[in-house]
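Working from the sequences, and respecting the hints, build out all of it.
Under my numbering, the first residue of the sequence shown carries the number 1, and numbering increases by one thereafter.
Any given hint could be a false lead.
[Claimed, not checked] Think about it this way: if two alpha-carbon atoms lie no more than 20 Å apart in a straight line, the pair counts; the simulated SDA-like pairs of lysine to any residue are:
1. Lys216 with Arg265
2. Lys163 with Ala100
3. Lys153 with Phe197
4. Lys266 with Ala235
5. Lys136 with Gly119
6. Lys163 with Asp129
7. Lys147 with Lys163
Because the hints were derived from the structure by calculation, they are not lab data.
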Amino acid sequence: SYITVSEPAAVPVANFSGNPTSGNAPLTVQFADNSSGDITSYEWTYDGRLVYEKNPKHTFSNPGQYTVQLKVVGPGGQDTEIKNNFITVLEAAPVANFSASPTSGQAPLTVQFAQSATGRITSYEWTYDGQLVYEKNPTHTFTAPGKYTVQLKVTGPGGSSTKLRTDYIIISQPTGIVDSEDFQGEYKLFQNYPNPFNPSTILSFSLAEQGNANIKIYNLSGQVIQTVLNEYLSAGIHKVKWTPKDLPGGIYLSVLRVGQFTQTRKIMYVK
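Encoded structure:
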C-alpha cells in the first residue's frame, strides 16, 4: 500500500484597498479585497462594525480618521491586514443660504439680510451693491433704483459654498423724485421727498415758462415759517432743499407761487 502525503494548504495573505480614502462627510468608500490564496470567509472591521462581505461599501458620516481591518480565513489558516487611519473623513462643507426683508420698495430702501446656512461656518462674505461685507447678518440701504444681485459665500473647516440670488433686491424710483422726463410743460409742485423727513427734504417743482418762483413754508395756523425760495428761474424742473431749524415736529404746508399759479402740499417733519 501507498501513503499519500498532501502538502499543507497555503495560508492566505490578506490585503485590501479602498476608494476614495479621504473626503468630506458623508464619505462613501468602496472597499476591494486584494488578498491572495484560497479564502473561504472575509471579516472586515471598520467604523465600529463587523462586515462579512468580500467587497463591501460603507458611508462614513462623521469626521475623523478610521482604521480598517480585514481578516481572511481559508483551509490553510487565516491572516489579518490592519491599516491604521486608512480613511480620513473631513467635515462637510457648509451649505450657503440666505433671505432678506424687504426685497423690494422705493429708494432709499434699508434691507436686513439673514443667513440661514447649515454646517460649521467660520466666515461670511456677502456681495451686493458693489460691496463686500464680512458680517453674519448685515443691513444695507440701497439708494439708487435698479435690480440688485446678492451673493453669500460661507466658509468652514470642510470648505466653502456660495448662494447667488439674481435680481433679488428691486428698488423703484421714489414718488417724490422727478427728473426731466417728468416735465410736461406745466406748473406743478411735486410731493416732497422724503416725506415724512428728518433732517432735510427736497421740494421739486416745474415751471411751464420762465418766471419768478416763490416757495414758502407755513404752519397749520397760516403763519409763514420760512421762505425757502424766491428766484427768477427758467422753464423746466427745479429742486430746492429745506432743512427746518428749531421747529417742532408736525405737519407743515409748502406753497409754490408763480404769477397767478399757486399750489400747496402737506409735508411732515418728524423729530
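Would the hint linking Lys163 and Asp129 be met if the CA-CA limit is 20 Å?
holds, 16 Å
Does Arg265 sit within 20 Å of Lys216, going by the straight-line distance between their CA atoms?
holds, 11 Å
Would you check the hint for Lys163 and Ala100, treating anything up to 20 Å between C-alpha atoms as holding?
Status holds; Cα separation ~13 Å.
Below or equal to 20 Å on CA atoms is what counts here, so check Lys147 against Lys163.
Answer holds: Lys147 to Lys163 is near 17 Å, not above 20 Å.
Are Lys153 and Phe197 close enough, with their CA atoms no more than 20 Å apart?
Violated. Lys153 to Phe197 sits at ~36 Å, over the 20 Å cutoff.
Between Lys136 and Gly119, is the straight-line Cα distance small enough, at 20 Å or below?
The given pair, whose Cα atoms are some 14 Å apart, holds under the 20 Å limit.
Hinted pair, alpha-carbon criterion (20 Å max): Lys266, Ala235. Please report holds or violated.
violated, 24 Å
The structure fails to meet hints 3 and 4 from the earlier list, while all remaining hints are met.
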